[in-house]
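As they're listed, the protein sequences go chains A and B.
If you use the UniProt record's numbering, the first sequence corresponds to residues 1 to 500, in order.
If you use the UniProt record's numbering, the second sequence corresponds to residues 1 to 500, in order.
Please keep in mind that the hints were generated in silico from the structure rather than gathered at the bench.
Take the hints with a grain of salt, since some may be wrong.
Same chains, same label: a pair holds when it works inside one copy or across any pair of copies.
Unchecked claim - Cut-off 30 Å, straight-line C-alpha distance, at most; resulting in silico cross-link-like pairs (DSSO-like, lysine-lysine):
hint, residue 1, residue 2
1, Lys-452, Lys-384
2, Lys-384, Lys-435
3, Lys-384, Lys-459
4, Lys-435, Lys-452
5, Lys-251, Lys-207
6, Lys-40, Lys-207
7, Lys-40, Lys-384
8, Lys-60, Lys-435
9, Lys-435, Lys-347
10, Lys-459, Lys-40
Being a predicted model, the structure only gives us computed values, none of them experimental.
There are 2 protein chains.
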Amino acid sequence: MVQHGARLVRCLGQAFKGCRAIHTKADNSRLTIARILEEKPADPTDVVVTGFIRSIRNQKQRSFASIGDGSSLEPLQALLTPAQAQSLSTGTAVRFMGSWRPSPNPKAQSHELHVVDVDIIGPADPATFPLQKKYHTPEYLRTMPHMRTRIPINSTLLRLRSDAIAAVTSMFYEHGFAQTHTPIITSSDCEGAGEVFNVGTSRQGPKTEDDDGTFFRAPKYLTVSSQLHLEALAQSVGNVWTLSPTFRAEKSDTARHLSEFYMLEAEVIFTETMDDVMQVVQNTIGAVTKGLETGSRVGNELLQNAAPETELLRRWRGGSRDFPRVTYTEAIRVLQSSTHQFEHEPKWCSGLQAEHERYIANELGNSSNATIPVFVTHYPKAIKPFYMLPSATSEDGLETVDCFDLLVPEACEIVGGSMREHRLEPLIRSMQANKMIPPGPMPTDEELGELKWYVDLRKWGSVPHGGFGLGFDRLLAYLAGVPNIREVVTFPRWVGRCDC
Amino acid sequence: MVQHGARLVRCLGQAFKGCRAIHTKADNSRLTIARILEEKPADPTDVVVTGFIRSIRNQKQRSFASIGDGSSLEPLQALLTPAQAQSLSTGTAVRFMGSWRPSPNPKAQSHELHVVDVDIIGPADPATFPLQKKYHTPEYLRTMPHMRTRIPINSTLLRLRSDAIAAVTSMFYEHGFAQTHTPIITSSDCEGAGEVFNVGTSRQGPKTEDDDGTFFRAPKYLTVSSQLHLEALAQSVGNVWTLSPTFRAEKSDTARHLSEFYMLEAEVIFTETMDDVMQVVQNTIGAVTKGLETGSRVGNELLQNAAPETELLRRWRGGSRDFPRVTYTEAIRVLQSSTHQFEHEPKWCSGLQAEHERYIANELGNSSNATIPVFVTHYPKAIKPFYMLPSATSEDGLETVDCFDLLVPEACEIVGGSMREHRLEPLIRSMQANKMIPPGPMPTDEELGELKWYVDLRKWGSVPHGGFGLGFDRLLAYLAGVPNIREVVTFPRWVGRCDC
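Assemble the whole structure, with the sequences as input and the hints as a guide.
Below you can see the structure in the form of structure tokens.
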């Protein structure tokens with residue numbers, strides 16, 4: 001661990017040239033169960049294990065305790081005397097001291113701890129402990145988000161998120177993207193279409209024409225996207241990204257929507273080709289899947305729980321392939337020529353429904369041994385937001401924009417991106433066409449209102465650029481094979497629900 | 001770059017054992033100005049540079065353009081004919097093609113670009129461009145946060161943040177801490193003391209006893225701290241951390257306060273000693289300063305702008321020293337025996353004022369060549385929140401808690417942490433003493449209200465633990481030598497101000 005650590009710090013320390021490993025002091029000397037299982041303890045006759053009892057099995061002469069600490073799906077098996085095991089029950093926090101010996105049943109576990117001393121750190125009354133060792137439905141567990149991550153597979157999902165954050169941080173760092181902190185409280189709602197949460201508190205200031213007496217003197221919202229702010233930062237510091245909480249006050253009560261979720265957004269500057277942007281999407285997903293595919297701890301643990309595991313493996317393999325691309329117009333043709341009965345008829349210039357997205361993902365993303373995400377590009381201008389760049393050429397005279405969605409089975413759309421309209425005049429015309437500002441040659445600052453600053457970005461030194469937003473929770477749910485996004489978010493928020 | 005990259009991914013790829021570098025495809029082939037200045041271009045006769053004009057100087061026979069792209073404080077100098085330079089002005093986005101040749105004035109720059117071709121990508125009308133090359137006050141620049149990061153030193157501050165995030169991500173990853181995403185919309189206000197922002201939107205549901213008709217059916221707030229949620233996660237997955245936006249609706253209009261700021265919080269589990277927690281604080285700050293101190297690009301750039309630069313160097317050196325520790329009681333004695341005239345008289349059991357914190361930081365954190373942050377520990381129980389663990393021994397019979405603040409000059413408190421009360425009964429008593437719940441043997445669920453889940457954590461398998469919160473923006477301001485925190489946050493929010 002320390003060795004890996006030193007190497008890692010040296011490398012990330014390229015952020016600061018010449019950086020050396022400085023983290024030689026351990027934070028605490030505790031060995032996690034994952035490390036005990038992975039590495040032979042330095043002195044096998046003197047091992048200290050701390051963790052929580054997952055289950056206990058009493059025989060006449062001895063007792064077997066299975067303990068975990070969240071670092072590993074696999075438990076550590078401990079052998080105790082019945083007397084030592086007396087006050088132990090599922091959920092109890094313990095410290096066991098003993099010796100680490102080869103197991104007589106190596107198929108079950110290679111080693112087991114022969115316990116000499118037991119400390120009960122925190123008891124768990126079996127009469128009230130809500131997570132007894134038995135099957136609980138996801139719905140039941142969601143009523144206690146503060147407890148459910150104690151279930152081993154939920155700890156694995158926490159570690160998946162952590163590893164995924166590390167992997168994308170590394171990838172963007174390596175590629176020279178600056179990580180930024182975009183604001184959460186904002187004045188505009190980006191696409192003008194989302195349902196937003198209001199933020200505020202009374203300042204009890206005097207109400208005047210320019211001051212409504214609230215904390216910020218005007219209505220403010222929780223951000224629905226960091227895109228507009230990222231565009232400003234990209235013009236300042238080059239390619240940028242952020243992994244930031246994002247909010248929608250949508251009343252959707254589905255397996256794919258949350259009111260609060262993490263979005264990974266990036267902007268690529270000084271580029272005229274959408275390929276550059278789509279390549280960053282591939283790199284991002286590949287950064288997360290590569291390790292899972294080649295057998296990480298988290299990857300192995302997810303496979304142990306997956307049914308069928310082959311589909312999970314296919315998804316992970318698919319993450320590092322070249323993603324197939326199809327235009328929206330071609331996609332509509334594929335849907336129209338299919339014999340599948342859709343609830344909504346697929347037709348040009350209406351959005352793709354979830355059923356359409358699933359069909360496209362399944363039809364075009366299947367290779368012999370991988371499930372590959374599918375890019376659908378060049379949607380009709382009429383159904384996309386004002387800031388997208390119109391395509392240079394149009395197919396059959398139909399007006400499209402340079403944009404893409406990335407589709408996968410089950411989770412459907414996990415990424416949306418586009419080239420941005422970087423020219424002042426066309427941006428104004430697009431805002432007018434979308435009835436965001438009144439018609440006329442050039443709007444006043446007042447007419448532009450909360451988007452004045454965004455229009456400003458096109459006035460001085462504007463350059464071609466594009467970017468995307470990736471639903472980080474959806475990606476994790478897809479890669480973990482978890483059907484409901486509420487399972488990969490520890491404290492999920494949706495309409496009517498905000499527990500803890 | 002690609003070489004560093006491959007190594008970096010291999011290392012962070014330990015998240016996923018066996019991970020290899022997969023990011024071989026560049027996102028776009030653009031060379032940043034930092035790379036051109038650092039590395040000799042592969043073919044010096046055919047160099048393409050994109051960026052923004054910082055200044056232009058016309059002579060009779062030739063013109064000199066200084067251009068930047070946010071990747072480097074140092075500009076790139078380009079030589080043009082007066083005809084080529086005709087339409088160029090400060091802020092213009094350009095693409096220059098030419099050859100990279102040694103400069104006749106190597107003291108000013110080692111090489112310069114002899115321009116053959118000029119593309120104007122995005123013009124900038126000098127009559128309206130608001131960032132002409134001259135001094136602008138911070139106050140003026142804050143009126144246009146979307147533009148001010150185009151100023152070279154502000155780009156450096158963006159890159160400092162990015163590098164700092166990478167450094168702490170690496171450090172925590174190496175030390176086996178899981179990075180988590182704690183919720184932003186919450187039901188409780190943690191310490192019960194903060195002024196909170198309300199979040200909501202009308203759901204227009206029916207109002208009943210359990211449903212106030214709003215989106216979440218009950219009042220919700222923007223988080224003031226992730227601590228309580230992190231404590232739940234620590235019991236699930238071991239040591240955890242988060243770098244998360246945090247909110248205070250305080251009307252403070254100071255150089256050290258924002259309404260929206262990033263807090264780095266961590267919890268260390270299965271530990272009974274606060275030293276373990278304080279060591280993580282040192283590791284965190286050391287991870288950021290080590291590179292600055294030993295001469296990173298960002299470090300060198302900050303020094304170029306600092307006056308006096310020696311104080312900056314002292315702060316960076318101090319980050320990797322052992323931080324001195326003093327108890328609150330000793331600190332009060334130091335203050336009382338000082339000849340310094342304080343506005344507020346220092347006395348036991350009142351909080352430390354900013355003037356006291358500054359004095360302690362200056363008196364106890366000065367070594368011969370470094371300014372070292374100072375830990376003040378064991379504050380009186382009466383002035384600290386309900387969740388802090390009472391100290392085992394008390395000095396002079398005065399009741400204290402196992403807690404610490406970390407103080408630095410100017411920014412004052414940048415970290416606060418403590419051991420947490422992990423025992424059920426004492427926690428209940430402490431909540432009662434703080435009048436959060438009524439007196440009595442054991443409160444009902446209803447009385448516990450929005451803190452029921454937090455109390456639950458002490459019911460089953462509770463273990464000793466502690467943690468801290470570090471004001472990430474304050475740390476960056478301190479390390480950058482920037483007197484106002486509003487300069488290190490791109491889109492700062494404070495009372496009455498939420499621009500863009």
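(message) Regarding Lys-459 and Lys-40, is the shortest C-alpha distance of 30 Å or less found within a copy, between copies, in both, or in neither?
(response) neither (63 Å within a copy, 34 Å between copies)
(request) Pop the pair Lys-40 and Lys-207 into one bin, within, between, both or neither, using alpha-carbon distances up to 30 Å. (result) Neither. Shortest intra-copy (69 Å) and inter-copy (60 Å) distances fail the 30 Å Cα cut-off.
(request) Up to 30 Å between alpha-carbons, please classify Lys-384 paired with Lys-435: within, between, both or neither. (result) Within one copy, since 14 Å is at most 30 Å while 54 Å is not.
(request) Pop the pair Lys-60 and Lys-435 into one bin, within, between, both or neither, using alpha-carbon distances up to 30 Å. (result) neither (79 Å within a copy, 50 Å between copies)
(request) State whether the alpha carbon distance between Lys-452 and Lys-384 is at most 30 Å within one copy, between copies, both, or neither. (result) within (21 Å within a copy, 45 Å between copies)
(request) Tell me, please, which holds for Lys-435 and Lys-452 at an alpha-carbon limit of 30 Å: within, between, both or neither? (result) within (15 Å within a copy, 49 Å between copies)
(request) Have a look at Lys-251 and Lys-207 and pick one of within, between, both or neither, based on CA distance no larger than 30 Å. (result) Only across copies: Lys-251 and Lys-207 sit 17 Å apart there, 33 Å inside one copy, limit 30 Å.
(message) Cα distance capped at 30 Å. Does Lys-435 pair with Lys-347 within a copy, between copies, both, or neither?
(response) Within one copy only: 25 Å inside, 63 Å across.
(message) When Cα atoms must be at most 30 Å apart, do Lys-40 and Lys-384 count as within-copy, between-copy, both, or neither?
(response) For Lys-40 and Lys-384, neither the intra-copy (57 Å) nor the inter-copy (43 Å) Cα distance is at most 30 Å.
(request) At 30 Å max between alpha carbons, let me know whether Lys-384 reaches Lys-459 within a copy, between copies, both or neither. (result) within (23 Å within a copy, 52 Å between copies)
In this structure, the earlier hints numbered 6, 7, 8 and 10 are contradicted, and the remaining ones agree with it.
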